[in-house]
Amino acid sequence: MLEELDAKLSELNILSPQSRQLFKEIATIKKLPKSKNIFVEGDGNAHEYLLLSGVLHRYNLADDGQLITTGFYMTKAVVTPHFARTKNGKSIFSLQALTNAVVAEIAVADLNLLRQTNNEFRVFGQKIIEEELSKLFYFETVYRSCSAKERLLILRNHFPNLENLVPHNSIASFLGITNVSFSRLRHELSVK
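The opening residue of the sequence shown carries number 0 in numbering that gives the first Met the number 0; numbering runs sequentially from there.
The hints are simulated quantities; they were obtained by calculation from the structure and are not laboratory data.
Do not rely on the hints blindly, as some may be mistaken.
[As the list claims (entries may be wrong)] List time: in silico BS3-like cross-link candidates among lysine-lysine, alpha-carbon distance up to 30 Å:
{"hint": "1", "residue 1": "K89", "residue 2": "K33"}
{"hint": "2", "residue 1": "K35", "residue 2": "K7"}
{"hint": "3", "residue 1": "K148", "residue 2": "K89"}
{"hint": "4", "residue 1": "K126", "residue 2": "K86"}
{"hint": "5", "residue 1": "K86", "residue 2": "K148"}
{"hint": "6", "residue 1": "K29", "residue 2": "K148"}
[As the list claims (entries may be wrong)] The calculated label-pair distances, taken between Cβ atoms and stated as ranges, are:
{"hint": "7", "residue 1": "K126", "residue 2": "S182", "range": "30 to 40 Å"}
{"hint": "8", "residue 1": "S182", "residue 2": "T116", "range": "45 to 55 Å"}
{"hint": "9", "residue 1": "E24", "residue 2": "D63", "range": "40 to 50 Å"}
Quick reminder that beta carbons are idealized off the backbone N, C-alpha and C, glycines included.
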């Protein structure tokens, strides 16, 4: 997994071996079984996460107890930064492994120190913020302006093979449709 972490850090413009080594010395690699919650809505969590393998989803519980998927993370993704996923130190959503997964976990305070003392990590932090904002606005626009069919096609483009990896009810929830509607859409698209 250290090779995957090295590759992801390089992708994020942390190019010097010394900087990557600093991160690896501070981060913890965690293997997660399918269905394991990494953090839960309403609880404190002071870590940042890089997904090295597997699929995660973020979710909230509706008033009726129904689980609502609000996003997916696939191999080599950076989980939404701490500052954007917490309010008053508490998580605004839960994060769960939908498959067996491996994450690199680093304390927010440690990563902040790296960003303050190492230019590569400062640039890394800025890049993550820009990417997260871009994704957020893109999906917000998609959800307000596209049909369920269009949303599914966009999802397939952004998350290839997701339908073969995770429970379909998670995808239906993310799309804002019922499991039956999701099944019908999949059938309709497979016939064309």
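Evaluated hints:
1. K89 with K33: holds (24 Å)
2. K35 with K7: Answer holds: K35 to K7 is near 23 Å, not above 30 Å.
3. K148 with K89: violated (35 Å)
4. K126 with K86: holds (22 Å)
5. K86 with K148: violated (33 Å)
6. K29 with K148: The given pair, whose Cα atoms are some 36 Å apart, is violated under the 30 Å limit.
7. K126 with S182: 30 to 40 Å: holds (38 Å)
8. S182 with T116: 45 to 55 Å: holds (52 Å)
9. E24 with D63: 40 to 50 Å: At 45 Å between Cβs, range holds.
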